[in-house]
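Please model the entire structure based on the sequences and the hints provided.
Note that the protein sequences, when read in sequence, are chains A and B. The opening position of the first sequence corresponds to residue 1 in the working numbering, with each subsequent residue numbered one higher. The opening position of the second sequence corresponds to residue 130 in the working numbering, with each subsequent residue numbered one higher.
Where hints are given, some of them may not hold.
Chain A stretches covered by chain B per the calculated footprint, using a threshold of three residues with CB under 8 Å from any CB of chain B [what the hints assert, rightly or not]:
{"no.": "1", "stretch": "15-22"}
{"no.": "2", "stretch": "34-43"}
{"no.": "3", "stretch": "75-81"}
Chain A is nowhere near these chain B residues, computed Cβ spacing over 10 Å in every case [stated by the list, open to error]:
{"no.": "4", "residue": "Asn167"}
{"no.": "5", "residue": "Met178"}
{"no.": "6", "residue": "Thr202"}
{"no.": "7", "residue": "Gly203"}
{"no.": "8", "residue": "Lys206"}
{"no.": "9", "residue": "Thr207"}
{"no.": "10", "residue": "Lys232"}
{"no.": "11", "residue": "Phe272"}
{"no.": "12", "residue": "Lys301"}
{"no.": "13", "residue": "Pro317"}
{"no.": "14", "residue": "Thr359"}
{"no.": "15", "residue": "Asn386"}
{"no.": "16", "residue": "Asn399"}
Over 10 Å on every C-beta distance to chain A, these chain B residues come out as not near it, computed from the model [said to hold, decoys possible]:
{"no.": "17", "residue": "Lys138"}
{"no.": "18", "residue": "Lys144"}
{"no.": "19", "residue": "Lys170"}
{"no.": "20", "residue": "Leu239"}
{"no.": "21", "residue": "Ile248"}
{"no.": "22", "residue": "Glu289"}
{"no.": "23", "residue": "Asn292"}
{"no.": "24", "residue": "Asn311"}
{"no.": "25", "residue": "Leu352"}
{"no.": "26", "residue": "Lys355"}
{"no.": "27", "residue": "Thr407"}
{"no.": "28", "residue": "Glu409"}
To be clear, the hints were calculated from the coordinates, so they are not data collected in a lab. Glycine included, C-beta positions come from ideal geometry on N, C-alpha and C.
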Amino acid sequence: MSEKFSIEIISPDKSILKMETSEVVIPSFEGEMGILKDHIPLITFLRPGIINIKAGTEQKFFVEEGTVEFSNNNLLILTSTAVEVTKMNKKFIDSLISMSEKKLDNNEISDKERYLLSYKLETLRNINQ
Amino acid sequence: MPSLDDLKKRIKSVKSTQKITKAMKMVAAAKLRKAQENAEKGRPYSQKMQNIILNLTRSISDPENAPKLLVGTGTDKTHLCVVLTADRGLCGGFNSNICKLAKSSFKKILSEGKNLKIITVGSKGLDQIKREYEKYIVKKFSFKDRKQITFKEAEIIGNEIINLFKKNEFDKCILFYNNFKNVITQIPQAQQIIPADKTPNKENEENLSYEFEPEEDEILEDLLPKNISTQVFKAFLENAASEQGSRMTAMDNATRNAGDLVDKLTINYNRSRQASITKELIEIISGAESL
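Given below as structure tokens:
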């Protein structure tokens, strides 16, 4: 029996990806989460991080936010910010980093925002290496 | 009877109008393809978002304390109507159809003794609505200078709606836009977005018990505002496609009408030319005979 399930990444203006895969790791709000076939139905949302799709070769997407639904072996990711990591150039990442740093310096932001921003920075720095 | 010269001038002017409408039709057709593509690409996102919310609603444990965006404020005294129209005219009945639908709803709301608030998006709708309902308009948006509407614009409007809601400015929010069915049919629609529409669609009948992370209410809290922007964005995309479709059909009709008119005028022109020649001949012949 095949160990595969389908994954779909959809942004407001287009469908980014639709494929079969055997394992996906998503940066869920409360920590990284690995999803295999026959996971129980799940709804959660994402913090900034990397979606890692493992179907023979690895495919990585950087996301800032999003909503995830898993049901009937169908993983659905709704996000407006998914970018494939290999397609991000250094300049783009640097601009994102400096933007987040600036926001993080602002003392008025809430704890939640601070938490999300720190993850964003960490992920971006990791990509940059 | 107009003189030959007059007819000639008229034929010429109709012909040049025809050229303009033809060009507009071509432009609309080219834009339509893109807009239609965008509308179709945007549909899954809003649909799936709606599905998730439906699933969440079904499994919510404590409906009393559910977020107000979902269940409403409990009353429906004040209605907020968001009317989405185009910024440009010359597109057939596109703008008037939305306004007609919106106005009939306004009348109904007011006749029931409820309060009315209006947000208009796009200048053409504003022009039509402000004639009768100017005092109800609370905010107007226009994205005339943008070449393409992106999610950002939808978010601006979404945030405005949510802000007003948080300030308890209204209880019920309805979105008016044209749904793009195909090139010749666009259906004006009224969609209620607050409280969220809870009628389940057929394909999603099964009841699954979901695992939530974090808690349901927290997810809902995050998701509902997003959903509003998403629905607005969807309406934008549908509207953009409808506008181009509507313009294309209108301009096609105009081009055809101009063609008919040119034919008719040409026949008239030829007839009067013939008549004047005949008249001259008769004059010459009868002049010669009398000699």
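Hints, one by one, checked against the model:
Under a criterion of three residues with beta carbons nearer than 8 Å to beta carbons of chain B, the stated coverage of the stretch 15-22 of chain A fails, only 1 such residues being counted. Check on the stretch 34-43 of chain A: 4 of its residues sit with their Cβ under 8 Å from a Cβ of chain B, so the three-residue criterion for coverage holds. Here's how the stretch 75-81 of chain A fares: 3 of its residues keep a CB closer than 8 Å to some CB of chain B, so the rule of at least three is met and the hint holds. At the 10 Å boundary, the C-beta of B:Asn167 falls inside the reach of chain A, the nearest C-beta of that chain being 6 Å off.
Chain A draws B:Met178 into its interface by the beta-carbon criterion, the shortest separation being 6 Å against a cut-off of 10 Å. A cut-off of 10 Å between C-beta atoms confirms that B:Thr202 is not in contact with chain A; the least separation is 25 Å. For B:Gly203, the shortest C-beta to C-beta distance to chain A comes to about 26 Å, beyond the 10 Å cut-off, and the non-interface label holds. Here B:Lys206 stays apart from chain A, with its beta-carbon at least about 32 Å from theirs, past the 10 Å limit.
Its beta-carbon lying about 29 Å from the closest one in chain A, B:Thr207 satisfies the requirement of being farther than 10 Å from that chain. No Cβ of chain A approaches the Cβ of B:Lys232 within 10 Å, the least distance being about 30 Å, so the stated non-interface status holds. With a least CB separation of 16 Å from chain A, B:Phe272 remains clear of the 10 Å interface cut-off, as annotated. The beta carbon of B:Lys301 sits about 25 Å from the closest Cβ of chain A, which is more than 10 Å, so the claim that it is off the interface holds.
B:Pro317, annotated as away from the interface, keeps every beta carbon of chain A farther than 10 Å; the closest lies near 23 Å. Remark: the non-interface label on B:Thr359 conflicts with the geometry, its nearest Cβ contact in chain A lying 6 Å away (cut-off 10 Å). At roughly 37 Å from the closest C-beta of chain A, the C-beta of B:Asn386 stays outside 10 Å, upholding its exclusion from the interface. Taking the minimum C-beta to C-beta distance to chain A, about 55 Å, the non-interface status of B:Asn399 holds against the 10 Å cut.
Annotated as non-interface, B:Lys138 keeps its C-beta farther than 10 Å from every C-beta of chain A; the closest such distance is 49 Å. No Cβ of chain A comes within 10 Å of the Cβ of B:Lys144; the nearest lies about 41 Å off, and the non-interface call holds. Once the 10 Å rule is applied to beta carbons, B:Lys170 is inconsistent with being away from chain A; the minimum gap is 4 Å. With a minimum CB-CB distance of about 35 Å to chain A, B:Leu239 clears the 10 Å threshold, and the non-interface call stands.
The beta carbon of B:Ile248 is kept farther than 10 Å from every beta carbon of chain A, the shortest such distance being approximately 21 Å. Against chain A, the non-interface label of B:Glu289 holds: every CB pair exceeds 10 Å, the least being about 18 Å. With a least beta-carbon separation of about 17 Å from chain A, B:Asn292 lies farther than 10 Å from that chain, consistent with its non-interface assignment. The Cβ of B:Asn311 sits about 21 Å from the closest Cβ of chain A, beyond the 10 Å cut-off, so the non-interface label holds.
A beta-carbon of chain A is positioned within 10 Å of the beta-carbon of B:Leu352; the least distance is around 6 Å. At roughly 7 Å from the closest C-beta of chain A, the C-beta of B:Lys355 falls inside 10 Å, breaking its exclusion from the interface. No Cβ of chain A approaches the Cβ of B:Thr407 within 10 Å, the least distance being about 67 Å, so the stated non-interface status holds. The beta carbon of B:Glu409 sits about 69 Å from the closest Cβ of chain A, which is more than 10 Å, so the claim that it is off the interface holds.
In the structure shown, a violation is registered for the earlier hints numbered 1, 4, 5, 14, 19, 25, 26, in ascending order.
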